[in-house]
Every structure is written in C-alpha cells, then in structure tokens.
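K.L.:
The lines below spell out each chain.
Protein chains: 2
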Amino acid sequence: MSAVTPAVLFDRHEALLNRAIEAIHTREYWSPYSENLKKYPEELVKSAPEDFKALCNQHFELEGPATTKKITGERSPYGLDLGTSYDQPDMGQLVDVMHSLIPQWRDAGPKGRVGVCMEILQRLNDMSPLMGHAVMHTSGQGFMMAFQAGAPHAQDRALEAVVYGWDAMNAVPATARWNKPQGKMDPLVMDKKFTIVPRGVAVVIGCSTFPTWNTYPGLFASLVTGNPVIVKPHPAAILPAALTVKVAQEVLKEAGLDPQIVSLAVDTLEEPVAKDLVMNPKVKVIDYTGSSVFGNWIEQNALHAKVFTEKAGVNSIIVDSVSDLKAVTRNLAFTLSLYSGQMCTTTQAIYVPKSGIDTPEGKVSFDEFAQALATATSKFLGDNDRACMVLGAIQSEATAKRIDECRSLGEIVLDSESRIHAQFPDARIRTPLILKVDGKDQATYSEERFGPISFLIATESTEDSMRLAKEVLDEQGAITLGVYSTSDAVLDQAEELAMDVKVALSCNLDGGVFVNQSAAFSDFHATGGNPAANACLSDAAFLVNRFVVVQSRRHV
Amino acid sequence: MSAVTPAVLFDRHEALLNRAIEAIHTREYWSPYSENLKKYPEELVKSAPEDFKALCNQHFELEGPATTKKITGERSPYGLDLGTSYDQPDMGQLVDVMHSLIPQWRDAGPKGRVGVCMEILQRLNDMSPLMGHAVMHTSGQGFMMAFQAGAPHAQDRALEAVVYGWDAMNAVPATARWNKPQGKMDPLVMDKKFTIVPRGVAVVIGCSTFPTWNTYPGLFASLVTGNPVIVKPHPAAILPAALTVKVAQEVLKEAGLDPQIVSLAVDTLEEPVAKDLVMNPKVKVIDYTGSSVFGNWIEQNALHAKVFTEKAGVNSIIVDSVSDLKAVTRNLAFTLSLYSGQMCTTTQAIYVPKSGIDTPEGKVSFDEFAQALATATSKFLGDNDRACMVLGAIQSEATAKRIDECRSLGEIVLDSESRIHAQFPDARIRTPLILKVDGKDQATYSEERFGPISFLIATESTEDSMRLAKEVLDEQGAITLGVYSTSDAVLDQAEELAMDVKVALSCNLDGGVFVNQSAAFSDFHATGGNPAANACLSDAAFLVNRFVVVQSRRHV
Numbered sequence: 001m002s003a004v005t006p007a008v009l010f011d012r013h014e015a016l017l018n019r020a021i022e023a024i025h026t027r028e029y030w031s032p033y034s035e036n037l038k039k040y041p042e043e044l045v046k047s048a049p050e051d052f053k054a055l056c057n058q059h060f061e062l063e064g065p066a067t068t069k070k071i072t073g074e075r076s077p078y079g080l081d082l083g084t085s086y087d088q089p090d091m092g093q094l095v096d097v098m099h100s101l102i103p104q105w106r107d108a109g110p111k112g113r114v115g116v117c118m119e120i121l122q123r124l125n126d127m128s129p130l131m132g133h134a135v136m137h138t139s140g141q142g143f144m145m146a147f148q149a150g151a152p153h154a155q156d157r158a159l160e161a162v163v164y165g166w167d168a169m170n171a172v173p174a175t176a177r178w179n180k181p182q183g184k185m186d187p188l189v190m191d192k193k194f195t196i197v198p199r200g201v202a203v204v205i206g207c208s209t210f211p212t213w214n215t216y217p218g219l220f221a222s223l224v225t226g227n228p229v230i231v232k233p234h235p236a237a238i239l240p241a242a243l244t245v246k247v248a249q250e251v252l253k254e255a256g257l258d259p260q261i262v263s264l265a266v267d268t269l270e271e272p273v274a275k276d277l278v279m280n281p282k283v284k285v286i287d288y289t290g291s292s293v294f295g296n297w298i299e300q301n302a303l304h305a306k307v308f309t310e311k312a313g314v315n316s317i318i319v320d321s322v323s324d325l326k327a328v329t330r331n332l333a334f335t336l337s338l339y340s341g342q343m344c345t346t347t348q349a350i351y352v353p354k355s356g357i358d359t360p361e362g363k364v365s366f367d368e369f370a371q372a373l374a375t376a377t378s379k380f381l382g383d384n385d386r387a388c389m390v391l392g393a394i395q396s397e398a399t400a401k402r403i404d405e406c407r408s409l410g411e412i413v414l415d416s417e418s419r420i421h422a423q424f425p426d427a428r429i430r431t432p433l434i435l436k437v438d439g440k441d442q443a444t445y446s447e448e449r450f451g452p453i454s455f456l457i458a459t460e461s462t463e464d465s466m467r468l469a470k471e472v473l474d475e476q477g478a479i480t481l482g483v484y485s486t487s488d489a490v491l492d493q494a495e496e497l498a499m500d501v502k503v504a505l506s507c508n509l510d511g512g513v514f515v516n517q518s519a520a521f522s523d524f525h526a527t528g529g530n531p532a533a534n535a536c537l538s539d540a541a542f543l544v545n546r547f548v549v550v551q552s553r554r555h556v
Numbered sequence: 001m002s003a004v005t006p007a008v009l010f011d012r013h014e015a016l017l018n019r020a021i022e023a024i025h026t027r028e029y030w031s032p033y034s035e036n037l038k039k040y041p042e043e044l045v046k047s048a049p050e051d052f053k054a055l056c057n058q059h060f061e062l063e064g065p066a067t068t069k070k071i072t073g074e075r076s077p078y079g080l081d082l083g084t085s086y087d088q089p090d091m092g093q094l095v096d097v098m099h100s101l102i103p104q105w106r107d108a109g110p111k112g113r114v115g116v117c118m119e120i121l122q123r124l125n126d127m128s129p130l131m132g133h134a135v136m137h138t139s140g141q142g143f144m145m146a147f148q149a150g151a152p153h154a155q156d157r158a159l160e161a162v163v164y165g166w167d168a169m170n171a172v173p174a175t176a177r178w179n180k181p182q183g184k185m186d187p188l189v190m191d192k193k194f195t196i197v198p199r200g201v202a203v204v205i206g207c208s209t210f211p212t213w214n215t216y217p218g219l220f221a222s223l224v225t226g227n228p229v230i231v232k233p234h235p236a237a238i239l240p241a242a243l244t245v246k247v248a249q250e251v252l253k254e255a256g257l258d259p260q261i262v263s264l265a266v267d268t269l270e271e272p273v274a275k276d277l278v279m280n281p282k283v284k285v286i287d288y289t290g291s292s293v294f295g296n297w298i299e300q301n302a303l304h305a306k307v308f309t310e311k312a313g314v315n316s317i318i319v320d321s322v323s324d325l326k327a328v329t330r331n332l333a334f335t336l337s338l339y340s341g342q343m344c345t346t347t348q349a350i351y352v353p354k355s356g357i358d359t360p361e362g363k364v365s366f367d368e369f370a371q372a373l374a375t376a377t378s379k380f381l382g383d384n385d386r387a388c389m390v391l392g393a394i395q396s397e398a399t400a401k402r403i404d405e406c407r408s409l410g411e412i413v414l415d416s417e418s419r420i421h422a423q424f425p426d427a428r429i430r431t432p433l434i435l436k437v438d439g440k441d442q443a444t445y446s447e448e449r450f451g452p453i454s455f456l457i458a459t460e461s462t463e464d465s466m467r468l469a470k471e472v473l474d475e476q477g478a479i480t481l482g483v484y485s486t487s488d489a490v491l492d493q494a495e496e497l498a499m500d501v502k503v504a505l506s507c508n509l510d511g512g513v514f515v516n517q518s519a520a521f522s523d524f525h526a527t528g529g530n531p532a533a534n535a536c537l538s539d540a541a542f543l544v545n546r547f548v549v550v551q552s553r554r555h556v
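Heads up: the protein sequence lines correspond to chains A and B, in order.
Counting from 1, position 269 in the first sequence corresponds to residue 269 in full-length UniProt numbering; the numbering is continuous, with no gaps.
Counting from 1, position 497 in the second sequence corresponds to residue 497 in full-length UniProt numbering; the numbering is continuous, with no gaps.
The reader is advised that the hints may include incorrect statements.
To be verified - Stretches of chain B that chain A covers, calculated by requiring three or more beta carbons in the stretch to come under 8 Å of a beta carbon on chain A:
#1 187 to 198
#2 291 to 305
#3 507 to 516
Claimed, not checked - For lysine-lysine, the following DSBU-like pairs were computed, each having C-alpha atoms within a straight-line distance of at most 35 Å:
#4 A:K193 with A:K253
#5 A:K470 with B:K111
#6 A:K401 with A:K436
#7 B:K193 with B:K282
#8 A:K326 with A:K39
#9 B:K38 with A:K180
#10 B:K53 with A:K193
#11 B:K253 with A:K184
#12 B:K470 with A:K193
#13 A:K354 with B:K282
#14 B:K38 with A:K326
#15 B:K193 with B:K53
#16 B:K46 with A:K326
#17 A:K253 with A:K354
#18 A:K363 with A:K440
It is worth saying that the hints were derived from the structure and are not from the lab.
Note that beta-carbon positions come from the ideal geometry of N, C-alpha and C, so glycine has one too.
Take these sequences, add in the hints, and give me the full structure.
P.N.:
Pasting the structure below:
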C-alpha cells in the first residue's frame, strides 16, 4: 500500500491550485515557479553543471516495455557529444501497454490526477538548475534563458494546462439527482453519474529548440484529463524529456500507480517513429511542435485523433511612427538577437513605409530606420560575453546553413557573423542577419526562414503594410504581430487586422517587454485560429477535447 | 437608432441566464420552456393548424441576397404537399455576405449576442404550437411529440448551447492589467485586452426527422460565439428552419443588426448544395446531422473548418436479468414504437442470452422473452388512434422500403404492419419490425437499419453479449446503450463497457423514462467519443472551438 495516495497529493497542492484557478480567470501577472535562480538552493545551483555531466555518457534508466534497442546521439550546440543512451521500445508494444493503463489512470479521477500532476511539477521545479543545463546543451539556449524558459516558465505553462483541465473537469458534476415533476403523479426520479473518460493514448511530439516549454502543455493537458502519455522528444533534445518522464514515473510509482502512465519513446533522425505512433488507431490525442510540413501532415492524416499543433509562421511587425526611435530599435534588437531568432515568436517580417516614419524629431527615412536598427543590434551585441549569453547557440547545422543561403535574398542591412564563446569554443554562434526587400518580393519574405533572419520590407504606406501583412498572415499564419504607431487610428486598424488574421498583437513595445515573450497565466500563446498553430497554450479549448463525459443513469 | 439594443436584451433575460448557468453545473432536472401544451395561450393552440396551413402554398419571405431562383417540394409524411416556396440564393454570394457581417456580430460582444439569442428563443417559444405543426408535417412525428421535441425541447437544447457559450466566453476576462515586479526597479506594467473572435462563417446542416431539435444546438452555439450562421435544412423539412430563421432575422433587425446574420440556404435532393457550402474556405464551423456517409466525408474533407457531426450508430441494449418482465417489455415496446424508431437514440440491437434471463418468476427463455416483447408491443399499439399518435408517420419512402427489405434478415418475432390514420388517410404509418438473429450474424445487426427495425440477438451468455456489443459499438458507435440486470456486478461491467466504448448508459429502465429520451440540461446527448457522433449536445467542447481569443497588449 502506498503512503502517498493521489488524494493526499491533491490536498498537498490544493492551495496552489486555487490560486492558479484565480489566475486563469483574471490573467493578471502571476507565476508560481520562480524565474530567479537565486531563489533556488545554492548547492543545487552550484552542482548543476556536474549533475548534468553525470548524466552524459551514461545509460538513462526509465520504466517501459523490455527492449534491447538503445538510442544515442545528442550533440550540444555548444560542441560536445552528450553520449547519453536511452532504451527504444517497440512502438506498437508501447502503445498497447499505455492503452491497458487507461482504466487505472481514469479511475484515479480528476482530483487524483491533479494531485499527481502538481507533485510532478513541484519536483521538476526542485531540479530546475539541472534542467537548465539539460535544456542549454540540447536546444543551444544561453544558460539563463535555458533555465528560465526550460524550467520555471515551462512549469508555469504546465500548471496552466493542469488548471484549465481541472476547471473543465470540475465543471461537470460527478453525480446528479434528476427529479421531474409529473403533475399529480409521482415525479420521475433518476440518479445520474457522469464520468470523465479520457480519449485514449496520448502522444506528445517535442521540438529541439524548446524541449520542455513546448512539450509540457500537451503532456500535462493529456495527463490531467486521464490519457496515458507517450513523450516523443526530438532526437536532438531527448535529455530534458527523459528527466521529465523520470520524475513523472517516480511520482506515479510512489502514488501506487503504474509508472508507465508517462513513457518515453525515442528515435533518431534517420529512423523516425512519429508517423507510426500518430497513425496507431489507439492513439487518440496528439500534440506536436515542429515544421509545418509534418504538422500539416498529421492534421490531415491522423483523423482518428484530436490533434494540437504549433508549426511555422511569419511573425510580423508594422512600423508606422514611433515616439522614441532609440527605445524601439533597442527593443527590436533584443527581439531579433534572443536565442538567435530561434523562437516560434521571433519577428521575421518588419514592414516600414518607403517614405519613412514619423518621430518626435521629424521624419526618419526607411534607410535611416534600417540603419538605426542595424546600429542598435550591433551595439547590443558589442560585448561578446553578453552577446553569447543572449544569442545562445544555433541548434542545428541546417539553421546555420540557412543564414548563409539567405544572404542573397535582399540587400544586407546587417550581416550575420560568427562569435566565439569564451567557455565553449566549438559552439555554433551567429548574430542576426537583417535584409532589406521590397513589398513586392512577397515570395521572399513570406516563407518562414527559421533562425536569426529578418526582413525590413519597404512598403508604399502603412496602409500598404497592413494589406501585405494581412496577405502573408492569412496564408502563413503567425504567433506574434507587433505595431508601432503614435496614431490611435493606426493602432485601432492594427487591432482590427489582428482579429481578422487571429494573431496576438503587441503595441508600441519599447521597454522591458518583447514581442517574442509570452507569460503563462496571462498571455495566450498562439490563438489556434491561423495556419501557425491550431491550438492555443493554454485555454479551455486546449483541454476539453481530451476527454468525454460518459453518463450512467438509473431510477432511484 | 434601435430601441431594443442587444444590451437591453441581455438585461431582459439575465435572470433566466443565471438560472440556466446553475443548471448546466448541477445537471439536475430543469426546463425553462414548458412541454405542457396547456401552458400556452389557448387561442394560439387553437389557431395553430390554420396558421400552419396559411404558410402552405405561399412564398416564404426572408432577408437574403437577391435571387430569382425558387425552391419548393416539401411533402408531409401525412400525405399532403406543403407547396411553400423559398428563395435560393447563390451559395458563394451568400457566404460572402455572411463573411462581411463578421465584424458587426463580433462587436456585439458576448453579452449582446447572448441577449439576441435568448430573445430569439423567447419568441420561438411563443410560437411553439405552430412550430409543432410545421415539425409534424415535415418530420412525420405525431403532433404531441412534434410539439414537445420540435419546440420546447429543442428550445431547451438551444438555450443549453447558449449558456455553455456564455460560460466559455465569460471565463475569458475582457481586460487585464499585468504588473510584473522587477526587484528594486519599477515593475513592468501592461494593459491587455482579450477579444472573443468568431472562427468565421458557420453552416448548420439539418436533418428531416428532427428539423429543429438537431439544428438548434449548432445554430445557437455558432451564433452566440459570434459566427454568422447559414441554416441549410434538409430539403424535406425546410419550413421549421425557415420559421426559425424568420424569428432570428426579426430580432436581429429590431436590435439594429443586419438580419442576414442568420440566413437560410435551401436546396433540393436532386441538386444539393451542402458540399459546395462546407468546402467554401470562408466556412469555418460546420454542424451536421445525417447519414454517416456524408458526415464522415465532411469530417475527412472540410479540414479548414471545425466540424461537429451526429451520424448513424447501432444503439444497443443488453438484457441479463429483470425484476419485472412486464414493466421491461412495456418500456421497450414504447421505445421501439415512438416515432417508428426514427430517432437517433432508438435501440436497434437487443442482446439476450440463448439460455434465457432470470426473473423473479424463474428463468425466461430467449423465445419467451421475444414473445413477451412482441406481445407488449402489439398490445401497446392495440388502440389505433394511440398507435398513430405514438408512431407518427415514416418520414421518407426509403425508410418504408427498408422495412420491407429487412424482413428477410432474420426470423420475424413481430412483423411490421401499415396503419390508417383517422385524420390523414394517406399518412405513411408503420409499426415496428422485430427480428431474431444469432450473435454470429454480426454483419446483419451491426449495420444501422434506420427506422422501426430491431434485432433480438441470441448470445452465448451475458458476457458474450458484452463482447459482441463492444465490437459493434467500437466499430459503429451509438448514442444510447441500455442494460437490464439485477446483478450489481453485471451493472458495473456494463458501466465499464459504456466507458470503454464511450456511450451513455441507462440501467434498468422499466418506468416512465425511456432509453431514447434525453433531457436537456441533464443528459449529455452523445459523448463525441465514438463513430456515431464527434460531438456532444451540449458540453463545453461543443462551444469553445467556435471562437478564438485575440489579445492586444500595450504598456500603461
């Protein structure tokens, strides 16, 4: 008999749950997991690099169907081979095992599952410094970002999903007495039972750039609603997922449940298993982050499952007029530099009228604006140590190559250059490439160019910028849209555009908030209404389709 | 300027809305619209047949794009041609008009839309007696059922959808102030605006047997969440939809909105328009009730839209043992007779062990049970007037033919016969056909046979019944499942089966509640988790995907 039942775990975390419920309904600032490294135990922070190294060149043990097949091959964008190996189960067998666990996990009930999920998150939070290093050496993010985005921010997003799940499940009464008057006759009376029943086996397909942040919402959304979850990480970023699954399995086991309710499925770029997994008819829920090509394929083929995707898009900014040119270009320089533009929220297309923009100091021409942005970016990246920290490393060689290939697509406003990291000389580090193109070159700037590649687009007017942006956003989608204008009419027009193309809008960001940042419990990440993503992290729609309600009624 | 603004309408109906919110969260008995004909003004009830006739052989005027094309051809299953004609707009033009109305209806906001929807429902309720006749003479339902299911019960289901919509929209704050502490520095402060943005143009495709009950949930769900709605009724049952659209247009107009926000699209069996409509890329939400063939086609092809379907299935009952054989067979006789089995909830497959069932009077053999059911049904339909009232008429000639074709599928336990309606001698009236087959004849009983056709299936044991039912339900789906047993273990096993195949279960119905009845605000109609329907009427999942949230943020 287990001492820590799921019900005990619910009680343990109920106060935090209640605070989180309040947060999703006000969407004011709230974060349960600190992004301040100093709030974590000093010895854990200190030992984290060694703890990470201890995981390298080792076999990573997890619960799962017996197998003799081992996978290895992660290489840090900072230039070292991780050498960690993982068991690769037979995928059909794995799905069968997961399917057999449905009744057990379903019967744990909403409270039990919320308790288990929140305990997992608490323990993941405790190991945040280590997770920071695991994320850094798979995604290539600078350490501070890898720690923040990969640990507390990812945990925030996970809890957000858990809480939306609780809210949705809790809105359905477990039982009801139905008492229908029949005039002078006795009433009809029935007892009804409503059970939250999961869809089936869930699969979460992760990406290499945000191995936890983009995996956790789907993982915890499926888990809390009763679906056993297979985590299928990107072959280049397995370790953060493996650490996560390990923690989940420990908590499940301690709570007297089968640890395999959360399992890991690893593969290689050469022999991918994702298609096999998602086309297994027992798989009923799929979360995917990655390329549009495969994401669209899943949406079009896995019709037996509920599919939640985050794919590529062309994030855009419309510049009309500014009240502080320096502040604006400084803000944009940071956006374009952070993690070398490898965020699904980084701006690629910046629309500026050929005739220039109004500033308090008078008209600034298109070329002057371009120059100001180039200067701000160069200056921001002037200190090499800070630059390396902000830029991080380029996750894949393909992205590094893409920078080279894109140089010829327009007139170079700022060229991309390589940098040498003081601690990791083999790290693949590149500064942003900024190109100048004409509004008519839509084929050039309307294709997603993943990485530190952006286009300054010369348009006929702000109205023309809006029109071009609408065309591109309708077709390609986006997660972020920005606008700079001192005119309320233009801001209103931008809001109308944002609603039309269903993209989140940021207006006049010129301080410490950046268009590519989204805060859990406040910002909705993606709308689910344009081609860049068919789901939003997280809202009710992200949760309610992962389960159905099965009722049973009988006379009293 | 309109006197009756949407906001005024919200205030007018707010008390009822609040009561309805309570109802969806307790799912106890509640019905806002009376099913008692006597509660309606006597003069309206009396004049209803004449009011209906006044609509026949007339052109039905509605707001819509100009057109010269007229459609007519509805024929009552009671044997008269309605002769009502309707304008048929160009479908591409209609969708364009609806698309242009999105901002107007979106900007009415959640409160305004709830107000408009509830006012429409109030006015539909006022005309319930007339609607009863319109539904009777299109669906073929007996008048009392046509009145109840077609008017108050349909209105209940509509309000249920409106309330789930309100609940979902209201859970998203309209604005938030985000105030993030920055240690000793000034906090980061942003104002955020969250707008409910509809997916696009919505289409609701109705069926001929429940022209309002199955149309209203999709219609009101899409409408309340901001999507202009095209109602595309079945060519055989246009009038109830046209009356509904007329009321909606009147309310919209009075509220200062474009009446075309709800529009009618009619077609004929010979030249259907549904494929064109659903494949129009501006159509983003589709509700469909009808055959599995076309429903599956929509699900597989209209990937640009959110699709909600109710299709065919094989509703089943497992008989293990009973405490009152007469009461059980009486209950089943009513279920099989009501509207000649033309309900999406009527039982088709009844599994009974070959070895018979336990009763307080001892073992009753399979054949004795079959005979008891046949006798109960014959007796129940003994009085011809009552029989005609309960049976109603067979909606389509195809269903009548199907009865004849199915006679050879098994041994006849009770043959179907024609009846003559006292008032409508040309009415197409048929009593139930009950056949006996072996559990091994799965091909025979596992195909949906729409109409008054059911199978008593001889199985090896109750366990075998469960196994066979699971196979059929997994493959074909169902909306209802019943079980009769005096054993708690068997009832538990049936609940496990219901959760496994995701079908609502009714246990031991032997009184005044029938397996084919589902009560709004309490019973979830379909689970959305099996092949019979991909959606549930109504739950949160039925609403939340009809809109997205678009945010706009800026520094304070």
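K.L.:
It remains to establish, for every hint, whether it holds in the given structure.
P.N.:
Hints, verified against the model:
no.	hint	verdict
1	187 to 198	holds (count 7)
2	291 to 305	holds (count 3)
3	507 to 516	holds (count 7)
4	A:K193 with A:K253	holds, 29 Å
5	A:K470 with B:K111	holds, 29 Å
6	A:K401 with A:K436	holds, 20 Å
7	B:K193 with B:K282	holds, 26 Å
8	A:K326 with A:K39	holds, 34 Å
9	B:K38 with A:K180	holds, 18 Å
10	B:K53 with A:K193	violated, 45 Å
11	B:K253 with A:K184	violated, 43 Å
12	B:K470 with A:K193	holds, 21 Å
13	A:K354 with B:K282	holds, 33 Å
14	B:K38 with A:K326	violated, 75 Å
15	B:K193 with B:K53	violated, 52 Å
16	B:K46 with A:K326	violated, 78 Å
17	A:K253 with A:K354	violated, 63 Å
18	A:K363 with A:K440	holds, 24 Å
Of the hints listed earlier, those the structure fails to meet are numbers 10, 11, 14, 15, 16, 17, in rising order.
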